[in-house]
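Asker: Take the given structure of chain C and dock chains R and Y to it, following the hints.
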Amino acid sequence: MAGPCYLGIDIGSLTVKAVLLDVDRRVLARSVLPAGYGGQEAAASVVAQTLAQARLSMADVAYSVVTGYGRVRFNAADEEVSEISCDARAVSHLYPSARTVIDIGGQDSKVIRVDASGRVVDFAMNDKCAAGTGRFLEVMAAALGVPVATLGDLALMSEHPVEISSTCTVFAESEVISHIARGAAREDVAAGVHRAIAARVLGLTARVGLEPQVVLVGGVALNKGVATALQQCGQAITVPEDPQVMGALGAALFAVHNGGR
Amino acid sequence: MGIRYRKLRTAGELQRLMRAHYLEGQYLRFGRPVAWVTSGAPVEILRAMGILAVYPENYGALCGARRCAVPLCRQSEAAGYSPDLCSYARTSLGAVFDPRQAPMGGLPRPNLLLACNNICGTVIKWYEAIGEHYGVPLFVFDAPFIHDEVQPHALDYVEQQLRELVHFVETATHRRLRWQRLEEVVRLSNDTVSLWGEIRTLCQARPPPLNVPDLFVNMAPIVVLRGTRSAVHFYKHLRDEVAQRVREGVGAVPEERHRLLWDNIPLWHRLYRFYNDFAQHGACFVVDTYTGAWSQAVPAGDVLGGLAFAYATVMLNRSLQYRVEEMVKLVLEYNVDGFVMHNNRSCKPYSLGQYAIKRQVAARTGVPGLVIEADMCDTRSFALEAVNTRVEAFVEMLAAR
Amino acid sequence: MPKAAALQECLDLVSAPYRDWQAQYPGRRAIGYFCTYAPLELLHATGLVPVRLMQSAGPVALANAHLPSFCCALARATTERMLSEEFAFLQGVLFVHTCDTMQCLADVWRMASPQLRVYTFSAPTVLDHAESKAYCVAELHRLACALERDYGASISSEALRDSIRLYNEQRRLLSELHGQRRQLSDTDRWSLTLAGMLMPVEDHNPLLRALLDAAAGVLADRDDGPSVYLVGAVLDDPAIVQLIAELGGRVVGDDLCTGRRYFDVLVDEEAEPYAALAERALQRQPCPSKHSQRDERRLRLSRAIRDSGAQGVIFLLPKFCEPHAFDYVTLSNMVEKLGLGQLLIETDVTLPREALRTRLQAFLEMLCQKDGVSGERRQLSGLRAGKSD
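Just so you know, the protein sequences line up as chains C, R and Y, in that order. At position 47 of the first sequence the residue is numbered 47 (the numbering used here), and the sequence of numbers has no breaks. Every number in the numbering used here is 261 more than the matching position in the second sequence, counting from 1. Every number in the numbering used here is 662 more than the matching position in the third sequence, counting from 1.
If you're looking for bench data, these hints aren't it; they were derived computationally from the structure. Beta carbons are placed, not taken as given, at the ideal position from N, Cα and C, and that holds for glycine. None of the hints are false.
With the Cβ distance kept under 10 Å, some of the chain R side facing chain C (calculated, not the full set):
#, residue
1, Arg641
2, Phe643
3, Ala644
4, Leu645
Next up, chain C with everything else stripped away, as it sits in the complex (with noise of 0.2 Å):
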């Protein structure tokens, strides 16, 4: 492979991804780590496996952009920049009629609204409450007796979803409890938890605006149950092949961008 690389590594609190551009922005490899503890040594293990994949060295690379909550604490970047505005990026890449990015995470949940050139437009944080994130949905998962990589798929099996109305997670669980007590399907309170997450970012679209097209990402967007759920919208909701390596895919073409300058 000749001619230099561009690196974008995103350091979240859960996971740490990376991702390995060409200077045509073609993606020559991409990898996702357990962050453990703290993020840093993760960061160093999945740069090192993904040059690995594409068989290159951090000498082939040109310029690296580090984002995600961990950013601020790792050296060996050239640049960094938030993962809103990475997140903008590769979804404007990726559709270019994107208009609005759904993002939820482990920890938290982000609502962007992007212009027809890419440029952030708005933007909207959830990172102080459970309600929303992933860990809203680990919480219901183990209340229910389920791994939470199966949650989704329980939910589509739903045809009458039960209601959950609090906006807290700890009382949502109770509630959750509740309905499992007095006999609900799972299948229907696991559909009830994803309107209730649904209705959650929702809520964070509310201020910023949701215009079509949207897409989902994030490690959550794995999750099809989310997607349908929030399509209760009314509006059809994109999610990428790979979801959940945005925010490393935009670090990415940052790095082409001003490396190539």
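Answerer: Showing chains R and Y alone in chain C's frame:
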């Protein structure tokens, strides 16, 4: 095995009265201006000028009781209002922004607004928002908070504002205040207050003729129809019915075992079920601090001075220490075995001091208290299981004494 | 170097305001206050040093027995400090009536700490009724009587005029400090401002004068980063300003209670002192807890933001603060009409640095793109900022 709620004969009259009140504003204005008014504002001035008064707070309570406040709150929250704000305000603004989802299509469009901060400071900001939305004038009636004694210069300030208010309304509506009419309205207000006081005092009886939801529901006219003849007639009938219950020994709760005191605005969204849960254990709320807030008569003498005093010294405009004294008095007068305080997210003046008040009242009277965290209108801030757990534990504690 | 030492003294004081206060100012009697409406000159003329009570970084635990969670961090954290004896050096505390929380806090403190001397000042809520000023003057006299009685002092007209002159001097100096963006870094500027609310004014004035003279002509900040205007309440931790500077932003103006609103408008030194104090209280840039029939706050703010040339506005609103949260909607729409970017940050007891950094960074990145665009508007939940951990 549920307790059947003992309905009052006057319930029908109350419904008609309240329906007429809302209909009048919508359809029977006959050219009269409409004012949106806070519950603690000197409405007598407006009545004496033939202005129709409607109460967004009462409307908020109505939405809470009909369990339709949440969609309205979402409207105002989508407009940028924080979900931490008072749920009456969020409900009211939501109804203003999108009347389609609002009961009765919302309140009739106002011609002017009158807000008094003797109950809280939030009403001022809420009414500023309403005024901006409708483009109508707002008069803020400033009643300085009383930390210790009532100050003469504060009363002067309040009285002067009453004069300014008259001028404001005259300018906004081209109607003149007739002083004789004002005196008559004040007399009617006082009659209402006096009857209401009698009704509450009758609940000292054993068994108590009313449970507190009756008071919450029946206090509506004293808030929204104060100063009218129809309110006086209604409360006469209600007083007579309650007095009859006392004579006949009819209790609101069969097998009353515990007499309780309620503090703060009720959980409108669970008005009967909540107190029914207590009634299941033989607990009846014989008195409360909220409905007593409209027990302030206008003193005799100079009418403006009297109005100034009455409105400046309402309970919520007075210190926590004052409220401790009042609560201790009620505990003793009504022979109360326990008290329950609603730590209401929406109402800071009423709720922030509750832990302090609880400690002092319990220490002074030897009577235990329970604090319940919820909201008066917004069901999203209410966790049924958590509250039930606390209620059960409290009732067990009372039973064991 | 005298400049560095004086600045360091202020930085130290701001990072630990109360711990060694009495040792640092022996023989001086401190009275605590929360609010920019407090008549500092009156307290000073009584022979007291007004010391502003601010929140701390630590967790709130003891205060939970006295206050529910749905009130602002300032109320909860200062109550925590009080219960932890951090304010034991105070001779008294003054509560001014502004919002519902402060209204309750005065009584909560009186009940929690019966030996503490608590003073109240029920300033008018409506700034422009015909009788607002007369009432305010009468209320000032009532406070003065209470102070005279308890501190064995007699507040003469002359003493009050002297105090007014001193505080006016402080206001002029602070105005100069905030007017000349090139002289000192944003962080230093804010620390100096906060220090002035913690130390005796007669010590602060010469210190400010000396620093302003020494910094004349010195360029400290970059001149080319995106410019922002801060709107909010009490900013008692320079960390946010420091972060903005670190990320390349410049603060070109503010409407903060511990900023411009503290030194806005001088007291008329020629007029009768009590009337002059009341006049300033009613005339200066209002707090959202006050009502003016002419919508003064929004009108003045609109002008000030335009004049500052800011590209964006950052709203620093305390979570659970009703007056600010209501005004926010109107102001947010106003900023949008001005075509400027905006960001909302809700502050609370603690500070998650990463979340704060992400928002500020994303916002500043947005401002760097062409055209004013909007940052974060009202969100369902916010983030917390306070003293750093």
